[in-house]
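*Asks:* Residues per chain are reported as follows:
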Amino acid sequence: MTTSNASPFVDEDALFRPADFMAHADTDEREYANYSYIRETVNRFLSNKGALVSLVVISLIVLVAIIAPLVSPYSYSDVNSSITNLPPRIPGLEQLGICDGTQNGVDLYAEAGIPNEYHFFGTDGLGRDVWTRVWEGTRISLVIALIAVVVGVLIGIVYGLVSGYFGGKVDIVMQRFTEVLSSIPQLVITTLLIVVLQPGLANIVIVLFITGWIDMSRIVRAQVLKCKTQEFTLAARTLGVSSRDIIFKEILPNTMPQVVVTFMFSIPNAIFLEAFLAFIGLGIPAPTASLGTMINDGYNAAMIYPYQVLAPVMVLAILMLGFNLFGDGLRDALDPERS
Amino acid sequence: MGAAGVVEQGGPLLSVRNLRQYFKIPGGNVVKAVDDVSFDIMPGETFGLVGESGSGKSTTGRAVIRLDDITSGSIVFDGDDISGKLSKEVAQRLRTNMSMVFQDPMASLNPYRKVIDTIATGLDAHRPHMDRREREELVYQMMDRVGLSRSQANRYPSQFSGGQRQRVGLARALIMNPKLVIADEAISALDVSIQAQVVNLMRDIQQETGAAYLFIAHDLSMVRYISDHIAVMHLGHIVESGRTDEIFSHPVHPYTRSLISAIPRFNPQVERDRHPLVYDAKAQGIRYDEGSYHIVSGTHSVLATDQQLEAWVD
Ligand SMILES: Nc1ncnc2c1ncn2[C@@H]1O[C@H](COP(=O)(O)OP(=O)(O)OP(=O)(O)O)[C@@H](O)[C@H]1O
Ligand SMILES: [Mg+2]
Numbered sequence: 001m002t003t004s005n006a007s008p009f010v011d012e013d014a015l016f017r018p019a020d021f022m023a024h025a026d027t028d029e030r031e032y033a034n035y036s037y038i039r040e041t042v043n044r045f046l047s048n049k050g051a052l053v054s055l056v057v058i059s060l061i062v063l064v065a066i067i068a069p070l071v072s073p074y075s076y077s078d079v080n081s082s083i084t085n086l087p088p089r090i091p092g093l094e095q096l097g098i099c100d101g102t103q104n105g106v107d108l109y110a111e112a113g114i115p116n117e118y119h120f121f122g123t124d125g126l127g128r129d130v131w132t133r134v135w136e137g138t139r140i141s142l143v144i145a146l147i148a149v150v151v152g153v154l155i156g157i158v159y160g161l162v163s164g165y166f167g168g169k170v171d172i173v174m175q176r177f178t179e180v181l182s183s184i185p186q187l188v189i190t191t192l193l194i195v196v197l198q199p200g201l202a203n204i205v206i207v208l209f210i211t212g213w214i215d216m217s218r219i220v221r222a223q224v225l226k227c228k229t230q231e232f233t234l235a236a237r238t239l240g241v242s243s244r245d246i247i248f249k250e251i252l253p254n255t256m257p258q259v260v261v262t263f264m265f266s267i268p269n270a271i272f273l274e275a276f277l278a279f280i281g282l283g284i285p286a287p288t289a290s291l292g293t294m295i296n297d298g299y300n301a302a303m304i305y306p307y308q309v310l311a312p313v314m315v316l317a318i319l320m321l322g323f324n325l326f327g328d329g330l331r332d333a334l335d336p337e338r339s
Numbered sequence: 001m002g003a004a005g006v007v008e009q010g011g012p013l014l015s016v017r018n019l020r021q022y023f024k025i026p027g028g029n030v031v032k033a034v035d036d037v038s039f040d041i042m043p044g045e046t047f048g049l050v051g052e053s054g055s056g057k058s059t060t061g062r063a064v065i066r067l068d069d070i071t072s073g074s075i076v077f078d079g080d081d082i083s084g085k086l087s088k089e090v091a092q093r094l095r096t097n098m099s100m101v102f103q104d105p106m107a108s109l110n111p112y113r114k115v116i117d118t119i120a121t122g123l124d125a126h127r128p129h130m131d132r133r134e135r136e137e138l139v140y141q142m143m144d145r146v147g148l149s150r151s152q153a154n155r156y157p158s159q160f161s162g163g164q165r166q167r168v169g170l171a172r173a174l175i176m177n178p179k180l181v182i183a184d185e186a187i188s189a190l191d192v193s194i195q196a197q198v199v200n201l202m203r204d205i206q207q208e209t210g211a212a213y214l215f216i217a218h219d220l221s222m223v224r225y226i227s228d229h230i231a232v233m234h235l236g237h238i239v240e241s242g243r244t245d246e247i248f249s250h251p252v253h254p255y256t257r258s259l260i261s262a263i264p265r266f267n268p269q270v271e272r273d274r275h276p277l278v279y280d281a282k283a284q285g286i287r288y289d290e291g292s293y294h295i296v297s298g299t300h301s302v303l304a305t306d307q308q309l310e311a312w313v314d
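Here the protein sequences come in this chain order: A and B. Counting along the first sequence from 1, when you hit position 270 you're at 270 in my numbering, and nothing is skipped either side. Counting along the second sequence from 1, when you hit position 165 you're at 165 in my numbering, and nothing is skipped either side.
Don't read these hints as lab results, they were simulated from the structure. Among the hints, a few may not be true.
Claimed, not checked - The calculated DSSO-like cross-link candidates involving lysine-lysine, where the alpha carbons are at most 30 Å apart (straight line), are:
1. 226/A x 88/B
2. 88/B x 228/A
3. 114/B x 228/A
4. 32/B x 249/A
5. 85/B x 228/A
6. 114/B x 226/A
7. 282/B x 32/B
8. 24/B x 169/A
9. 249/A x 228/A
10. 228/A x 282/B
11. 85/B x 169/A
12. 24/B x 85/B
13. 169/A x 88/B
14. 282/B x 24/B
15. 249/A x 282/B
16. 226/A x 282/B
17. 169/A x 32/B
18. 85/B x 249/A
19. 249/A x 114/B
20. 228/A x 24/B
21. 226/A x 32/B
Use the sequences and the hints to build the structure in full.
*Replies:* This is the structure in C-alpha cells:
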C-alpha cells in the first residue's frame, strides 16, 4: 500500500483545519428553567376532557360520601318499622310532581305520620334512610377498595422489582408461584376464601388483596426486564451503584406511569369484586352498608320499589366509569412518548 | 498524547491476557464472542479497538469493566486482578477508576432523572453523605468541562440533542476522575460534524485529566484521529495491533488492509483511484486458531502462520 514510512494520511490532514466546534455548542439553548415533568403531566391530563370530568365526578362522590352521612338527620342503621319502603321525597322537586313522596296518588309520608320529613332516596324495607345508607355504603366500598389496592400495589411493586431484577432462579420460583395463584379464577378464589374466613370488613380486604397484587407485579416485572438491560442501568452498574439504588432510583421511576394507571384501574375492579361478594350474600354483615350489600338488599324488591336498588347501582356505575376514564386520561398524560 | 498529571510508573494501566468470553446459546451451541484476546493500555493513552459488527468489541469492553463474568483469562487493572470475584475494596477501586460511555444517546440516560442527578450518579454511589452544595458544584464544573451550560442542569434527557446527551454521558463517566474510560461506539450514533465535536472534546479532557481511553469503533477513520495504539478485531480475535502510525503505514494483515482501503480519502486524486479491498477469511483460507502472534516491528504484531506472514509482508 505504501512504501514510505510516513502515513499517507498525514499530508492530507495538513490540508484541513478543525472547525471551532464550541462556537455552536449553545446555539439551541432555550429557556427550560420552568419545566417540570409533573407540571407537563398535569397540563396534559387537564387538557383531556373526559379525564377532567371524571376527576370532578369522583371528587364529588367522595366528598358527598364523607359529608352526607355526617349531616344527615338519619343514621344509616336506625330501624323504624312504621316508615318502611317510603318512596323518595326531595324538597324543590316535589313541587314539580316528581319525588314528592306519593305512590299511586297516595302521600305515603302523610300516611306514615311524618308529613314534614324528607327521605331523598326513600326508605328501605326496615325503614332506614336510603340516602344516608347509599353514601355510607359508598364510603365503606371506597375504603375497602382503597386499602386492598394500596396494599396490593405495594406488595406487587416489590415482588415485580425483585423478581425481574434478580432474574434466574429467584424469578423462576416467584413466577411459578404467581402462575399457580392466578390460574385459579379470581371469582372462585375470592368466593372460596371468604366462605372459609367468614365475611367481615377485614377479611374482605384480605381477600381482595390476595388476588389484587398479581397484575401489578406482572406489569412491574415486565418494565424491570425492559429497563435492566438498557444502557442507563448498565451505566449505573459500571459506576458501582448498589442493586438497591438501581432498583429504586433508576428502574422504579420508569415503571411509575404503568403503576399509576394499573392502580387506577384496580380500584373499580376491587369495588366491583366487593359488590359481587355482597351480591352473592358474602358481603359485610348488616347493619353496615356497602354498595354491594345495598344492591343485594334492593334487588329483592326491585320490581316493587326500584329506587332502592337504583340509587346504589347508579353510584356504583358512575364510580366505575369515573375511575376508568380517570385511568385512561392518566395513561395518556403520563406517557413520555407523547410529550 | 500527553499524559499530564499522571505519574509514569512504566507499567500498563490495564493488562488483558488470553481473555475468552463464550456464550451458550439455545441448542447447545457456544458463541466464541471473544477468543484469546490480549492487549495492554498504558496510563493516559488512547487505545482504539476496531472491527466490523459482531467482531466482539463490545463484549471485550463489557468484560473489562466487569458487566459480565468472563469465561477465562486475566484482567489486571491498576494493580488489581479484576478477572475473578471482586472483593469489596477492589470493586470500589474498579468502580471509581474505570467508567464507560455508551453508544445510544437515548437509552444511555434515564428519561426520568434530571441531568444533574444523572451526572452525579458516581458521587451518590461512592460519597453518599456529600454536602449538597459541593455535589452541585462538582456537577457544574463537569458540565462546564464537557461544554454544557449550567442552566441545563435541571433538564430531562428528552430535552437534549443527541450530541448534548453524549456530553451528559461523558460527564457522568468522568465525574469520579477515572483512570480509564471505555467509550463503546460513543460517537457512532451521531452525525459526522457532531462526531468531530465529541472526539475533540474527549481529546481535550484527556489532556487535562490524563485519563486513558479504550475507544471502540467500527471504522478506522475516527480511531486513527484519536488513538495512540490500535487493535484490529475480527471474529473474536485481535488480528493486528500496534501504534497508530505503524498500523497505517505498514498494514500487514489483509483484514486491516481492507479496513484501511475503505476509508474515504480527502485528496480527490487519491480518492478516484481508491479501490476497497475485499476480505473473506474463509475464501482466502485464513484460520485464526492456526496462527500465532508475530512481532513485525516494535509494538506492531500480527496474528498469522509463518507462511502467511511471509506472503503478507513481502
Ligand atoms: N449475551 C450474549 N449471548 C449470546 N451471544 C452474544 C451475547 N453477546 C454477544 N453475543 C455475540 O457475540 C458476538 C460479538 O458481539 P459484540 O456485541 O461484542 O460485537 P461488536 O463487535 O460490539 O459489534 P457492533 O459493532 O455491532 O457493536 C456477536 O456474534 C454476538 O451475537
Ligand atoms: Mg458493540
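*Asks:* Against each hint, give a clear statement of whether it holds in the structure.
*Replies:* So, going through the hints one by one against the coordinates:
1. 226/A x 88/B: OK: residue 226/A and residue 88/B at ~29 Å, within 30 Å.
2. 88/B x 228/A: holds, 23 Å
3. 114/B x 228/A: holds, 19 Å
4. 32/B x 249/A: violated, 35 Å
5. 85/B x 228/A: holds, 21 Å
6. 114/B x 226/A: OK: residue 114/B and residue 226/A at ~20 Å, within 30 Å.
7. 282/B x 32/B: It holds: about 17 Å lies between the C-alpha atoms, which stays within 30 Å.
8. 24/B x 169/A: holds, 18 Å
9. 249/A x 228/A: The given pair, whose Cα atoms are some 12 Å apart, holds under the 30 Å limit.
10. 228/A x 282/B: With Cα atoms ~38 Å apart, residue 228/A and residue 282/B exceed 30 Å; violated.
11. 85/B x 169/A: holds, 20 Å
12. 24/B x 85/B: Given that 30 Å is the threshold and the Cα spacing comes to 21 Å, the pair holds.
13. 169/A x 88/B: Cα-Cα ~25 Å, so holds.
14. 282/B x 24/B: holds, 24 Å
15. 249/A x 282/B: violated, 49 Å
16. 226/A x 282/B: violated, 38 Å
17. 169/A x 32/B: At roughly 25 Å apart (the allowed maximum being 30 Å), residue 32/B and residue 169/A satisfy the hint.
18. 85/B x 249/A: holds, 26 Å
19. 249/A x 114/B: holds, 12 Å
20. 228/A x 24/B: holds, 20 Å
21. 226/A x 32/B: holds, 26 Å
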